[in-house]
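J.: Its first residue numbered 1, the sequence shown is counted upward by one per residue in UniProt numbering.
If you're looking for bench data, these hints aren't it; they were derived computationally from the structure. C-beta: ideal position from N, C-alpha, C; glycine also. All clues stand as given, with none of them false.
Pairs of lysine-lysine, BS3-like flavour, derived with a Cα cap of 25 Å:
(1) K148 with K123
(2) K157 with K84
(3) K84 with K164
(4) K148 with K84
(5) K148 with K164
Just the calculated beta-carbon pair ranges, DEER-fashion:
(6) P165 with E40: 30 to 40 Å
(7) E25 with E156: 15 to 25 Å
(8) G56 with E93: 32 to 42 Å
(9) E93 with V50: 36 to 46 Å
(10) G152 with P52: 32 to 42 Å
(11) L121 with D74: 15 to 25 Å
(12) A97 with R140: 24 to 34 Å
(13) P160 with P119: 32 to 42 Å
(14) N168 with D142: 24 to 34 Å
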Amino acid sequence: MSEINKIFGIGFFKTGTVSLWRAIEYLGFTVQHGMVPQGEQIRINLANFVSPCLYGLPEADAYMDIDELRNHFDLLDREYPNSKFILTTRPLEDWLASVQAQKHKRRSPYYHAFEHQDPLLLKWHRTAHHNAVREYFADRPDDMLELKICEGEGWEKLCPFLGKPVPNISFPHENKSPTHLKASQ
Numbered sequence: 001m002s003e004i005n006k007i008f009g010i011g012f013f014k015t016g017t018v019s020l021w022r023a024i025e026y027l028g029f030t031v032q033h034g035m036v037p038q039g040e041q042i043r044i045n046l047a048n049f050v051s052p053c054l055y056g057l058p059e060a061d062a063y064m065d066i067d068e069l070r071n072h073f074d075l076l077d078r079e080y081p082n083s084k085f086i087l088t089t090r091p092l093e094d095w096l097a098s099v100q101a102q103k104h105k106r107r108s109p110y111y112h113a114f115e116h117q118d119p120l121l122l123k124w125h126r127t128a129h130h131n132a133v134r135e136y137f138a139d140r141p142d143d144m145l146e147l148k149i150c151e152g153e154g155w156e157k158l159c160p161f162l163g164k165p166v167p168n169i170s171f172p173h174e175n176k177s178p179t180h181l182k183a184s185q
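The whole structure should be built from the sequences, with the hints applied where relevant.
T.: Okay, here's the thing in structure tokens:
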């Protein structure tokens, strides 16, 4: 297996992205995670045709939960060969319910990003993204992993994908909603 260049989390918010971030860190990778400053730098880079698109961001092994990167996975693949892409996902209706619940938490970092989003538009955008990612990587299963953290997938899929041994600890589960916690107890 060739050395991994970068790891990119390309799933939508509320699909276990923070749990993935914590797991990636636990495996020894440095992670750049966030939405606002990183996303703004990437928007500037894209608008000015700056290459590579990560120019100006802090150096890291992995980049997670940055919309602008998620939406340009194909560019990242060209600019950073030998990278790994992780599409976190969860059932559509569960995801929409989690997004809707998050909309009402004004302290949430996601609040302004989708406070006026129409659920039909969210469904369309997410479905289109998933289809594009799956099609793009269809003949490259070693480069893209679809991970269903909210459905219990974790180390057993992530570690072989990244060439790491499975740790003897539970997979992190961050930001569980109270209803999800009750359902899993």
